[in-house]
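*Asks:* Single-letter residue listing:
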Amino acid sequence: MKINRKLFPYVLTLPALLVCVGILIPFFTAVYYSLQRYNLKMPHMKGFIWFDNYVNIFTDPSFWNTIRVSLTYTFFTIIIELLLGLGIALLLAKRTWLNNVLGVLLVLPLMIAPALASLIWRLLINPNFGVVNYILSFLGLEDFTWASHPDTVLFTLIMVDVWVFTPFIMILLLAGLRSLPRQPFEAAELDGVPEYYKFFRITLPMLFPFILTASLFRLLESIQQFDIIYALSQGGPGESSMVFQVSAYLQTFQYTNIGKAAAMMVVLWAICYFLCHVFVQQWHKLKIKTKGELLQ
Amino acid sequence: MSHSKMKSAIDTFLKGKMSRRDLLIKAGKYGIGFAALTKLMGMQVTSALAAQDFDWKKHSGTTIKLLMNKHPYMDSMIAELDNFKALTGMNVEYDIFAEDVYFDKVTAALSSKSSEYDAFMTGAYMTWTYGPAGWCADLNDFIQDSNKTNPSYNWNDVVGNLRDACSWSGVAGDVPGAAGSKQWCMPWGFELNSVTYNMRYFEKAGMKPPGDLVEMTDQAEYFTKNAGSNEWSYGIGTRGSRSWATIHPGFMSAYANYGLVDFENNGGKLKAAMNSQASKDFHKQWVKMISSSGPANWSGYTWYEVGNDIGAGASAMIFDADILGYFFNGNPENKEAGNFGFHGFTPNPSASAPTPNVWIWSLAMSNFSKKKDAAWYWMQWCNGPENAMAGGVKHNQVNPVRESVWASGDFDDKIRGTSPGYMEQYNSSIDGSKIHFTAQPLFFETTTEWAAALQEMQTGSNVDETLDKLASKIDRMMKDVGLA
Amino acid sequence: MSINIWSILKFFAYVAIIMFFLFPIAWIFNMSFMTNDEILRKVPVLFYEPTFKNYIGLWEGEIAIEGFATMYVYFKQNLINSAILSVGSVSVTLLLGVPAAYAFARYKFKGGEDIAFTLLSFRFAPALLIILPLNLYFSEIGLYDSYFALIWVYQLITLPLLLWIVRGYFEDISPDIEYAYRLDGHSWFQSFWKISIPLAKPGIAAASLLCFIYAWNNFVFALILGSSQIQPVTVGALAFITASAIPYGLIACGIVVSVLPTLILALFIQKYLVQGLSLGAIKG
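Residue numbers (my numbering), protein chains in the order written: chain A, 1 to 296; chain B, 1 to 484; chain C, 1 to 284.
Wrong hints could be hidden among the right ones.
Partial chain C-side listing against chain A, Cβ under 10 Å, derived [what the hints assert, rightly or not]:
| # | residue |
| --- | --- |
| 1 | Ile56 |
| 2 | Asn217 |
| 3 | Ala237 |
| 4 | Tyr248 |
FYI, nobody ran anything at the bench for these hints, they're computed from the structure. All values reported here derive from a predicted model rather than from experimental measurement. The C-beta atom is built at its ideal place from N, Cα and C for all residues, glycine as well.
Sequences and hints are given; from them, build the entire structure.
*Replies:* Printed below as a string of structure tokens:
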């Protein structure tokens, strides 16, 4: 190794950074748009307006509704997917024939593009032709309103999101579980420690970094979810499922209101930045803590 | 030998001196099948055009690129495209995208000012965005220029309402087609919003298609109430998704039939009029109908669901585009294909004729094209009289935009043979048909909000309050852009 | 006795999971052999004569509806495009991401955490924010409609994912093993290649699979930045929907076919996921 020891880590990481940095130019262009009155169909009104777009969206009650719905959606999808994904990973952790097969088959929902998966779900829960709806009719649920009523629309969207993305968590936690060191478990076995104690004191803490990585990416995707929501409800009925991305999509492509759309998404970017920062800090703390505990 | 004789017969036919029936009889005599005949005709139409005093070969060797939506019109065009290539020596490339994503692609492509695409498909409403944005060329510059347009093009053959609907001055509140309008696009195929009903079901129920909105509501309710023991599931299909597309078909057609308007125009200042008393009464009637006898998951309904349901026999009738019924009736893969009747619909008991709002699939030219003259060659061929006739008679270019196609016996035969009541529907509706919206830059914003409000009313919100809220919201939006 | 209750619960858990996650998949598979008429029934049909019409239509690219119209689909080309884009993206991501992930895990260096966080931050911005300016610049510099440009842009999705997952696995490997190997006179690269990568394999395998899936399923970048010649299956399958029907059978068939490559990859990778367990003992 002739390369300077201090420089070496940079040699390894900078190519990855440089490839992505090219994308920073459009990002800053978009940030610049967010400071402009910029609607493509009204070119004569274009002009620099500092933070007016931000002031406008923050004083608009429908924007606060969008934030509320987005965060509700994100919170419930992550919690449910995490619990379910963890449960499935634990269930499948042992190497048996059935578990190996299921470990692959359960990834199938994730393999279908969400836009297409949502199209199929629309059919499955269709009151006239849907097979899921038909089966539920035997339980007296044939009038369930799914995505067509404000009371049930979020439930429906979250259900489809859970169907698609729980496998994401499952894959990561299963791989995590299977790479955990054996010694602590063997030691615990010798000491005759009860199962629940083993789970809460050994498995879960050691798995926590994996859980955090998985939830981090789910968080970023969930708060930016578009395909599922747009295909199933388009943000309706009324405003009841209006999330960031659907709102920003309408502003960009249907209303060509580039300035306002950019401002909305910069706000989303800031929320993501904040949440991720918290996550990553926790992640580092946990890493150090679990490492420390295991070494003792 | 027989071919050359046949060619002269086709020539006579094309000049309008022989009826189609005679032509077919002649063809039978020479032992030429229908497929061969149409092919021969295509070649000869081309040679007839080529014989004109017009330099069709001027752009020979030029390649133009189109951005198109996956649509039966596009399929009709492709089927005839070889004739254009032979006529002009030009080459045509095209990108096709699904309708779900098509307009996003157009917006992205045009907003980048890229010269990638020379011409594209659009709707008239979209040009209220594209025109003022400077993305479309004003087609008047081409249509009126006899050096660029072939002598038999005959722009005035295109239905007048449609020509008007595809032009606008860009000033909010100005009527499309009024003086000073720019021709942002030209009509290619269009839709009238009427009733398509399942004749089998209506016969079983002993009903005739509805005379007005109240009768429609009652009939729809009958079907929904009696769904359990019958094949159908509910009475009336209309669109309901949270989109402008929910407002423009049946809903706007009925709204206009009651003499209602979306905006009051006070010298270029627009005031939302959805919360007038008459409008509130109309909304109550509409909401009552879709709540009690529309599809249970109405708020997800787009063109496709409305069509799928009547096609599969779930709904008894729809109040939507006539060609939606036409296409689903014609596609034999749909269970109820062939069972539909068509009916020009006058919702208001005191109105004398239908007033359908129109949707027009149109062709527009990109302002960033570097081959505008060549692109215009393709456009004038594409919706010229010959290709319009071929599309209407041989393919699914329905509804055709040219009077000459509607007047032709072939087209009449084809439509009457497959779609009972369709011609009558057309004839009763076309005069009252136009874009009933006020042309203004926030068309998509206001209609999307309107659809969201309809969804709220359908799920139980108070109609009066919701409409007041909608009107004040729209007034605020108009004020933000200096139009209120 | 308590063990019995436990296994009954477990049994029901298996049943519930299979029902919820796999029933829709089974139904999609089922639908791919049905006609639209059979799919759109008030009471679902269970017994029908399976048709291969959908598969044949996809393969031939031409679906003729008797007496009505002929529909053209470009699914084969879409599949090839998806394969090029996904394989290309994952390869680039592995090449750039694995060494970087290793560096973040193994070395404390100035600005290291900032670089890692910046790389993650590319996931904060929704594609929608950058897509229009990106399209503008790509059109200007002639990158519109190229595989290269799309693979580059896909790195925004795949690189942060792989980096942050694999980093965690490298951190779990004790540096002592590498040092011991290097003390035997092996170079850094040899120890990286022979020791570190094999030990992190379950993580790399899981991350590659996820990256592949995300690249395969991406929709918006190809749609906006490419002509219809380079569109992936996700965009291509939407074009099955026509003005005269939503051909659910054909869409289901498209889903089945488009999932197959990913499924095969998953089966192949499964081996490495399992391998992780047996090596577990030498970690930590």
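*Asks:* Against each hint, give a clear statement of whether it holds in the structure.
*Replies:* Consistency of the hints with the structure:
1. The criterion of a C-beta within 10 Å of any C-beta in chain A is not met by Ile56 (chain C), whose closest approach is roughly 20 Å, and the hint is violated.
2. For the restraint placing Asn217 (chain C) at the interface with chain A, the shortest Cβ-Cβ distance is roughly 4 Å, inside the 10 Å limit, so the hint holds.
3. Residue-level restraint check for Ala237 (chain C) holds (minimum Cβ-Cβ distance to chain A is 6 Å; threshold 10 Å).
4. Look at Tyr248 (chain C): its Cβ gets to within about 6 Å of chain A, closer than 10 Å, so that hint holds up.
Against the hints set out earlier in the document, a violation occurs for number 1 only.
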